Amino acid sequence: MHIFILKRLLMMIPVLLGVVFIMFVISQLTPGDPVLAILGEVATPEAVAALREQMGLDQPWLMQFFNYVVGVVQLDFGTSWQSGRPVFTEIFARFPNTMQLAGMGVAFALLMGIPLGIVSAVKQYSIFDTGATFVGLIGVSIPNFWLGMMMIMFFTVTLGWLPPTGFTEPIQWIMPTIAIGTNSAAIIMRMTRSSMLECIRQDYVRTARAKGQIERKVIFRHALKNALIPVTTTAGLSFGFLLGGAVLTETIFAIPGLGAFMVSAFFNRDWPVAIGGVLLIAVSFSFVNLFVDILYAFIDPRIRSQYR
Amino acid sequence: MANELYRGKLLNISDLSIHFFIEEGTVHAVNGLNIALAPGETIGLVGETGAGKTTTALGIMRLVQSPPGMVVEGKIEFEGRDLLEISEAEMRKVRGSKISMIFQDPMTSLNPTIPVRDQIAEVVLLHENVSAQQALFKAEEMLEKVGIRKERSREYPHQFSGGMRQRVGIAIALACNPALLISDEPTTALDVTIQAQVLELMKDLKVEFNTAMIMITHDLGIVAEICDKVAIMYAGSVVETADKYELFKNPKHPYTIGLFNSLPDIEKDEDRLVPIKGLMPDPMNLPPGCPFHPRCDRAMPQCSEIVPENTEVADGHVVRCLLYEAEHNKEKGV
Amino acid sequence: MENAIQSNTDLKPKKRRSQFGEIWKRFKRNPLAIVGLVLIVLMFLMAALADVIAPGDGVFAGYNLQDWNRIRQFPSAEHWFGTDDIGRDVFSRVVHGSRISLQVGFVVIIIGITVGIPLGAIAGYYKGILDNVIMRFIDILLAVPNILLAIAIAAALGPGITNVMIAVGIGAIPIYARTVRAQVLAVKEQEFVEAARAAGANDFRIIRRHILPNCMAPVIVEASMGMAGAIMAAAGLSFIGLGAQAPTPEWGAMLADGRLRMLAGYWHLTLFPGLMIALIIFALNMMGDGLRDALDPKLRSGGFSKKRFRRIQLAKAAAQNNSGEGQ
Amino acid sequence: MTKRLLLLLSMLIIAVLVVAACGNGAADAPADVDQPAQQQEQPEQPDEPVVEPPADGTGRTHLNIVSANLAVSMDPHESNDSASAQQNKQMFSTLLFQCYDTFGPLPALAVAWDTPDAQTVNIELRQGVTFHNGDPLTAADVQFSLERAAASAEMGIIIGMLDSVTIHDDYNLTLHLEDNFAPILAHLAHPGTSIIPMNHVLAVGDDAFAQEPVGTGPFAFDNLVIGDRLELVRNDNYWGNLPQVESITWRQVPDPSTRLIEVSAGTADVAVDIAPADIPTAQADPNVNLITRQNLALNDWISLNTSRPPLDDIRVRQAIDYALDTEAIMRTAWGELGSPARGPISDIVWGFSPQAVREVNLDRARELLAEAGHADGFDLEIWWNTGNIQRMQVAEMVQFALTPLGINVEVHGMEWPTILELTAVTDPALTEHDMFIIGWVSVTADADYGLFPVFHSDNFGGAGNRAFWANAEVDELLLQGRSSVDPVERMEIYDRVQAIVAYEVPVIPIRQGMTAFAISPDLNGFTIAPQGHHSYAPVWFD
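These protein sequence lines map, in sequence, to chains L, Z, S and A. At position 301 of the first sequence (counting the first as 1) the number is 613 in the numbering used here, and the numbers step up by one without a gap. At position 13 of the second sequence (counting the first as 1) the number is 112 in the numbering used here, and the numbers step up by one without a gap. At position 255 of the third sequence (counting the first as 1) the number is 295 in the numbering used here, and the numbers step up by one without a gap. At position 452 of the fourth sequence (counting the first as 1) the number is 464 in the numbering used here, and the numbers step up by one without a gap.
Isolated chain L, as found in the complex (with noise of 0.2 Å):
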């Protein structure tokens, strides 16, 4: 277990490798000069050639990427080119609005979509099920940015019951993990529903009843452990779309975060905020994804073996 988690550990440096590989073609490909999003609508050739050498930029970009990943593996992510504050402060500053939003985003999905997936298929061909299906396509199609203006506009303009926007009280916590939670929720529920009829269709779980087992403990010990096998995965590759996702709920709902931070920094061409944040959400990315192997090999002792 330890030599895999390291294993895969190990393989995530070239792919964040690759990342910030792209990012700094990107970056190159991008038109758009940095210095002149600084300086504005005035910027005197002198005042342009200075703030390019301080800013490092009169070098070739190769050197520009190596010196990058030399600072990075010094955990020195470079200084924002529009705030002069360090990337890892300005970043930090917002990443945990944003895992909070995303992490609040995936527990909503978690807790609306696994019990409807479970009662759907437990009940397969009834009114609920045919209504939780209908329900979960409607999840699936809405743009969640939509929804959030949708629910702004009920429950603020006129309801007037939530703030539209901020996110310290937990009563503006509300609109933004609906906003960004239901399409996940909803393809959750669809995920545990399939998962779950096609466990209950399992040789095991005959066997279960087989035993004279009662159908409450047939379901839940021992169809839904197997079933959530997928769900975990979907549940993992949905954190990453939330962290995505992100990018446009912070905007609706006015979220101090990361999404909204990157793509200003992105419109600004201030590139080390770009690239840092695009970095630090592969790496948390591609952590959700190992703890969400690690979790398989606790929910299944065949994956466990293979870990060795």
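Some clues are possibly wrong.
Partial list, computed: chain S residues near chain A (C-beta under 8 Å) [unchecked claim]:
id, residue
1, 106
2, 108
3, 286
4, 297
5, 301
Read the hints as simulated data drawn from the structure, not as lab findings. Since we're looking at a predicted model, the values are computed, not measured. Glycine included, C-beta positions come from ideal geometry on N, C-alpha and C.
Please arrange chains Z, S and A on chain L, whose structure you already have, making use of the hints.
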């Protein structure tokens, strides 16, 4: 009338029909099936894939997937009670303790996420008034009994070979000393050498526990090995049933005869086997009359019109074929 | 008797036409899938007839006709969906927007498929270093959440619907590459491929003629769902300002513009475009579900006839009651 | 000629009137634009706009501000965005303060100053001023600060003309400029020339200083939650009137509608910048006090690239101007927020002279195009920066309005840095743009700041002249304008420049900027600064 013919002491299935209602149509999986079994007796249920053997077994356990499956008619009398009439809670008390089942594929019929010991203990805990500790102890005992060292009892199914897993399946089935054991092709998925071991084990344990058994198989060799009686199934019903020796010696139904002819016989040095022509009928679209008549060498015109009745051609030897029905009726002077 | 069983499976290679007929038959049975299909057809009709529904030409097309004296009007008989910030008819814009979204969906899928399938096929077929290189590249693409990757690429390419399609399309590559690779790995070892190889077919021919056709079912399902995802992602990019160029009536961009008027109560600027995005994705997902069920051999006889089941159940209950009374 | 005289006369009268406005009731009001070179008397009343002092201190003492952005950098010399200027204004002081009405200099850290010529400024510092960390303010801090600002890329445009600083004693110093630069006093009031504590900055380093700034402003830095909020506390040793408000929380709320809702709901007291769409909502809301004021920006104009055909032809540019109803365009896109532009600088900027706006005349436009050989029209691109929806609408409206002339306009949204880069090349031959929308704030309220970078041909590209418009006479006039110390002469110069610009149409001005704030009804004493550097020192609650 048929019921009287098949009156057994332990299990008496009469006119059982199980249908599946799927979108494409109604699958007539089991149609008017009759089986009787005395305590300690073993009956071999023989037929091709799709003949309705497994559905029958699940029907006895009341484990037919419903929907889409449903027992349309019939009775399953077990120890004097009709299992189709009792409540689900009562049925649960029967499953695993009075009637248990060994499934066809040991690779899939054990829960991959639970150690084998706990899977055996589960059934013990359900039906015997013991503590969890005692149940686990009993489980290890059962494992030893089926030839698995108790050191391995905490391992998971995937750590065992197919044969070993089927041993675990047997341990689960016999843990509560059931009166009836249904074995659904327990050796089909195993290597030939392992098959023999497992069969041997089952035979021994059956004797030890004095369990009646329904052995579902398509292998007449296995029937010869361990059964007392044989029931040949075709298209959802039993077409011929008899004592093992009687049947092997004197098969009556054209289908039974066809089955024997398609087996290789080392003693007769034949060049070619004689397979039964044609295919099993589509259970959604059974032919009228005798379901076997399209494939039957000896089919008569009326075979496609009249559904044959059970005919007792010898003591305990019952055939469902118009050939014998007519003869029998003549003899009886009806 | 074993022979009899054998002969049952010998029937496997079926004629193509009947296969499509089979799929269509199964697809047809699913009412949700049919609703999805009908919605998609309507969507196509709307796109095709946009110029008839909202007539005009070029800058003076119906969707672009400005009237600076009628800005931000609420829905009325004249303007069913109201008017926008510079006095354009929102209904006409929504109708014309269907063209963009359908186009985005298709182009993204085509990019994903034309790049993803060969990559996946090559990786799966040749294994070894090539596989490793391709899959590590795919891993890199997968390590960054899709929308973020699309934002980065779209930022590099600049705003515009073509660039959005490229950006989302690149993000779609990994799914197809992985699906095809897994399929190829499974199919590769089957007998008919061995047979083709033994018959001297070269690799390209084997992949094209024998392996890929057998990988298509999951790709088709993936594509119909992927189209929905692509439309959603593109709308998201438009929403943050990386999408279609003004004055193209792109639904996501319309949402983004309307959002600024939302709290002031101009609900019609966000409701209708958003509804259309949701509707088209909904339709594609329903159709995708139907296709998956129709194409999945495991689910071929999955459906259960509730009507007949209930009828027999009731008849049985009635019969039991009767016999009970009779006693 | 009589017209010109009349103009000058009216300007002078206006100037006198506005002097009175900033006179603060004192007879020895600081002189203003008329006499920039004159020795100033220092009034005892320092700083800040003229407000009634609060009657008593019974109101709330904590102020909640919401704005779209937090300061990009809290180092006043390292940022030139408006959010940074607005926040740094609370923490730092400048040598001078610029009157909100007359834009004349008022004493701040400097109590007296004189400009013997357009190249020299003598400063006498206020005594007894301390920084937030207790360091006393001396001439060395001023020298350090101004030289640091002059060397910074961001602030080059504000104070880059500084050559050297001579210190006479702790409280007297002289600034020497590289060239004649008449508007220097206005520049010394810009937050980019804020005075920072030399010893402290040298001790902690630039980065640490930017994290935890120390100044002499009315409020001191307390805490920053990056991306979320800035917290300030009152500077009890403030050299001016002690603020009534004891602390400020400054939160980032990017969405303008939400900022309005926050004030309406009482969770914020000041919403910085209200969007055009929300102006009617704010007006109708009894829980909100909407205050607006014209600012110094000419926020939006269409820049025409005069170096590339067909826009290199003056007739084509004039034809386009004839085809565009700029007032209708402005009102459609911005509604009440702003006013139609009447020239290339805001009409409250010193040096503005009204020019006739071309009335919409499509026939004349067609004539001009025919004369230029474009009777059949041509293709053009118009660029706007993504995220600025009003500019997008302007682009769409321009496209719509030019179509009848046969001009086929392609609307092209790009990110701001891309537009800046593509229009920043210095060689006109390398340009790719036709038209794009941009704006500029004459933050010093002097026409030089508004016109020189944008229209002098030395400033092609990034330096400001993105229309690549070269006119020898204008070049000459603009140089004269910044070196002359005679306001009458300068006024004449800028009038001529604006007339030429209006005739040759290198830019089509659309909108004069307006600042709109929503404040809670119990907040008093807040004045919008047209420069954009609002002060919260004088505010109090009922």
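Against the structure, the hints:
{"no.": "1", "hint": "106", "result": "holds (5 Å)"}
{"no.": "2", "hint": "108", "result": "holds (5 Å)"}
{"no.": "3", "hint": "286", "result": "holds (5 Å)"}
{"no.": "4", "hint": "297", "result": "holds (6 Å)"}
{"no.": "5", "hint": "301", "result": "holds (5 Å)"}
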